[in-house]
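Peer 1: Listed below, chain by chain, are the residues.
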Amino acid sequence: MTNLIDIKGVTHAYKTPKGLLPVLSNLNLSVPEGEFAAVVGPSGCGKSTLTRLVAGLMKPDQGEVWLHGNLVKSPRKTVGMAFQNPVLLEWRSILDNVILPLEIVAPSMPRAKKIARAEELLALVGLSGFEAKRPSELSGGMRQRASLCRSIVHKPEVLIMDEPFGALDAFTREDLWQTMHELRAKEPFTAVLITHDLRESVYLGDQVFVLSGRPATTQFVLDVQYPGQDGQRKLDGLYTPECSDMLATLREQIKIAQGRNADVAGH
Amino acid sequence: MQTFQKIAVPFAAIILFVALWEFLVWANNWPDYVMASPSDLPAAYSKFWELFLIGSWQTLWRTVAGLALAVLFGTLLGMVMGFSRIARDALYPILVGFNAIPKATLVPVLALLFIGQHNFNTVLMAFLISFFPIAVSVGIGLSTLEPEYRDILRSLGASRFTIFRKIALPKTLPEFFGALKVSVTLAFIGTNLVEIISPHGRGLGALFLSGQTNSNYPLMFAVLIALAVLGIILYYVVVLLERIFAGWAERPQQ
Numbered sequence: 001m002t003n004l005i006d007i008k009g010v011t012h013a014y015k016t017p018k019g020l021l022p023v024l025s026n027l028n029l030s031v032p033e034g035e036f037a038a039v040v041g042p043s044g045c046g047k048s049t050l051t052r053l054v055a056g057l058m059k060p061d062q063g064e065v066w067l068h069g070n071l072v073k074s075p076r077k078t079v080g081m082a083f084q085n086p087v088l089l090e091w092r093s094i095l096d097n098v099i100l101p102l103e104i105v106a107p108s109m110p111r112a113k114k115i116a117r118a119e120e121l122l123a124l125v126g127l128s129g130f131e132a133k134r135p136s137e138l139s140g141g142m143r144q145r146a147s148l149c150r151s152i153v154h155k156p157e158v159l160i161m162d163e164p165f166g167a168l169d170a171f172t173r174e175d176l177w178q179t180m181h182e183l184r185a186k187e188p189f190t191a192v193l194i195t196h197d198l199r200e201s202v203y204l205g206d207q208v209f210v211l212s213g214r215p216a217t218t219q220f221v222l223d224v225q226y227p228g229q230d231g232q233r234k235l236d237g238l239y240t241p242e243c244s245d246m247l248a249t250l251r252e253q254i255k256i257a258q259g260r261n262a263d264v265a266g267h
Numbered sequence: 268m269q270t271f272q273k274i275a276v277p278f279a280a281i282i283l284f285v286a287l288w289e290f291l292v293w294a295n296n297w298p299d300y301v302m303a304s305p306s307d308l309p310a311a312y313s314k315f316w317e318l319f320l321i322g323s324w325q326t327l328w329r330t331v332a333g334l335a336l337a338v339l340f341g342t343l344l345g346m347v348m349g350f351s352r353i354a355r356d357a358l359y360p361i362l363v364g365f366n367a368i369p370k371a372t373l374v375p376v377l378a379l380l381f382i383g384q385h386n387f388n389t390v391l392m393a394f395l396i397s398f399f400p401i402a403v404s405v406g407i408g409l410s411t412l413e414p415e416y417r418d419i420l421r422s423l424g425a426s427r428f429t430i431f432r433k434i435a436l437p438k439t440l441p442e443f444f445g446a447l448k449v450s451v452t453l454a455f456i457g458t459n460l461v462e463i464i465s466p467h468g469r470g471l472g473a474l475f476l477s478g479q480t481n482s483n484y485p486l487m488f489a490v491l492i493a494l495a496v497l498g499i500i501l502y503y504v505v506v507l508l509e510r511i512f513a514g515w516a517e518r519p520q521q
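From first to last, the protein sequence lines are chains A and B.
At position 74 of the first sequence the residue is numbered 74 (this note's numbering), and the sequence of numbers has no breaks.
At position 16 of the second sequence the residue is numbered 283 (this note's numbering), and the sequence of numbers has no breaks.
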């Protein structure tokens with residue numbers, strides 16, 4: 001299977017008034033087509049920088065980012081993004097918010113088709129009947145659902161999510177995890193999910209990448225063997241011994257990442 | 268019921284204000300050269316109604332013209348300051364300094380620069396005094412745009428102009444209208460400054476001046492009230508425009 005995302009030896013530093021601040025150091029990360037990669041790591045370790053690199057919003061100092069066999073040099077239309085803040089446009093209805101990427105990516109598409117596509121996605125995430133509402137009239141969880149619809153409305157190859165469920169309460173978050181699986185079943189995409197929540201990374205990810213502390217490098221990769229049959233992941237599975245073992249391993253790795261000495265290389 | 272309340276409350280407040288004014292004049296037994304009372308005003312209006320109509324029109328159109336210039340120039344300046352950090356650093360001290368100058372001192376300067384161009388001078392002053400809040404608010408609105416808003420379109424390869432048109436511009440509208448409400452009243456001050464200070468002025472300001480020279484105190488107060496009414500009308504025109512273009516920013520009342 002070919003890798004859809006290939007991050008090879010990426011090193012990056014930010015210029016600050018106090019000098020260079022290295023955030024990524026020789027980071028490698030590969031995601032096969034259709035797979036879901038969860039990325040965890042200590043706070044401030046450069047995870048968000050990673051999303052901006054994959055989206056082509058910035059270029060690394062060293063190393064390369066490849067998407068579908070193309071070297072990423074600038075933003076491309078085949079990427080969808082979702083953030084912790086749903087960043088819905090208050091002056092647009094929910095429907096028009098979801099349509100927004102289509103206006104950029106497919107300006108010639110007839111509006112009726114755009115609407116049909118957006119309505120289809122909104123129905124998938126349980127937002128039928130809310131198309132005409134303003135974002136301010138929806139709850140936080142509903143806004144994030146709408147934001148997810150917007151990020152995949154143009155059928156991107158890659159969906160990049162930067163802690164999209166971070167600001168939600170625990171129950172809403174679990175609802176959205178399930179929605180995420182339902183969306184993946186109907187709308188195949190390759191995903192990179194940045195998260196702080198280890199349970200989330202195991203429930204959603206096919207692979208979990210643990211990044212080391214700043215400057216971040218790939219410290220550990222976990223292949224998720226989720227308990228249960230025929231690929232259907234149930235929330236109950238999180239409370240089985242298999243999952244507990246995986247979570248314990250990840251927690252151990254995060255501890256190492258947090259306590260990592262600057263002069264000791266990763267792995 | 269609610270619309271009735273919306274209209275009745277401000278009207279009741281105005282009537283209360285006028286009654287209080289009348290009472291104060293009566294209780295203190297002030298002669299009209301100290302303070303004219305509201306009951307003196309109808310006589311002034313009916314006697315000079317033609318002058319009031321002409322003056323109001325002259326004041327109004329020059330104010331609106333100055334305001335239009337302020338919107339155009341202020342928005343452009345705000346865009347430059349909002350998008351460029353260097354422009355922001357360079358322009359802020361100049362703008363603040365310029366804004367701190369009492370505009371009354373500029374009237375003779377303008378009068379000498381553009382001799383006899385009374386209309387032009389008046390519009391210019393209304394513009395000079397009112398563009399500052401617009402430039403600042405548009406600048407702040409654009410420079411504080413959260414990067415995620417830009418990123419959702421930028422990650423799709425949208426151009427800077429598209430991002431401005433689809434996101435930055437509509438997102439700044441509430442701030443813009445907030446500033447415009449301040450600018451409306453400022454523009455009136457600018458217009459009247461020139462009308463009153465410069466010789467051979469026109470508009471309501473000139474009418475005020477003629478009231479002064481003729482010791483017609485009720486006329487002077489009548490001009491002030493007419494100015495207030497014009498200000499209120501223009502203010503509500505802005506509120507109406509705000510409803511139409513930025514009504515989404517208004518939260519539904521709980």
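Note that these hints are calculated values from the structure, not bench results.
Just to be clear, a hint being listed does not mean it is correct.
Below, in silico cross-link-like pairs of lysine-lysine (BS3-like), each with a Cα-Cα straight-line distance of 27 Å or less [unchecked claim]:
#, chain 1, residue 1, chain 2, residue 2
1, A, K59, A, K77
2, A, K77, B, K433
3, A, K155, B, K448
4, A, K113, A, K59
5, B, K273, A, K59
6, B, K433, A, K133
7, A, K133, B, K370
8, A, K73, B, K433
9, A, K113, B, K273
Here chain A is said to cover these stretches of chain B; the calculated rule only asks that three of the stretch's residues, wherever they fall, bring their Cβ under 8 Å from a Cβ of chain A [as the list claims (entries may be wrong)]:
#, stretch
10, 399–407
11, 420–426
All residues carry an ideal CB built from backbone N, CA and C; glycine is no exception.
Peer 1: Please verify whether K73 of chain A and K433 of chain B have alpha carbons no more than 27 Å apart.
Peer 2: Holds: K73 of chain A and K433 of chain B sit about 24 Å apart, inside 27 Å.
Peer 1: How does the coverage statement for the stretch 420–426 of chain B fare against chain A, requiring three or more residues with Cβ below 8 Å from a Cβ of that chain?
Peer 2: holds (count 6)
Peer 1: Decide if the proposed pair is consistent with the structure: K77 of chain A and K433 of chain B, CA atoms, cutoff 27 Å inclusive.
Peer 2: With Cα atoms ~17 Å apart, K77 of chain A and K433 of chain B stay inside 27 Å; holds.
Peer 1: Mind checking the alpha carbons of K273 of chain B and K59 of chain A for me, to see if they're no more than 27 Å apart?
Peer 2: violated (56 Å)
Peer 1: Count the residues of the stretch 399–407 of chain B whose CB lies closer than 8 Å to any CB of chain A, then report whether that count reaches three.
Peer 2: violated (count 0)
Peer 1: Just to be careful, I want the Cα atoms of K113 of chain A and K59 of chain A compared with a cutoff of 27 Å; is the pair within it?
Peer 2: Answer violated: K113 of chain A to K59 of chain A is near 35 Å, above 27 Å.
Peer 1: So if I understand the rule, the pair passes when the alpha-carbon distance is 27 Å or less; does K155 of chain A with K448 of chain B pass?
Peer 2: violated (44 Å)
Peer 1: Under the criterion that the straight-line Cα-Cα distance not exceed 27 Å, is the pair K113 of chain A, K273 of chain B satisfied?
Peer 2: Answer violated: K113 of chain A to K273 of chain B is near 43 Å, above 27 Å.
Peer 1: Under the criterion that the straight-line Cα-Cα distance not exceed 27 Å, is the pair K59 of chain A, K77 of chain A satisfied?
Peer 2: At roughly 17 Å apart (the allowed maximum being 27 Å), K77 of chain A and K59 of chain A satisfy the hint.
Peer 1: Does the alpha-carbon distance linking K133 of chain A and K370 of chain B stay inside the 27 Å limit?
Peer 2: At roughly 47 Å apart (the allowed maximum being 27 Å), K370 of chain B and K133 of chain A break the hint.
Peer 1: With a cut-off of 27 Å on the C-alpha distance, tell me whether K433 of chain B and K133 of chain A pass.
Peer 2: Holds - the C-alpha atoms of K133 of chain A and K433 of chain B are around 19 Å apart, at most 27 Å.
Violated hints, listed in ascending order, are 3, 4, 5, 7, 9, 10; each of the other numbered hints is respected by the structure.
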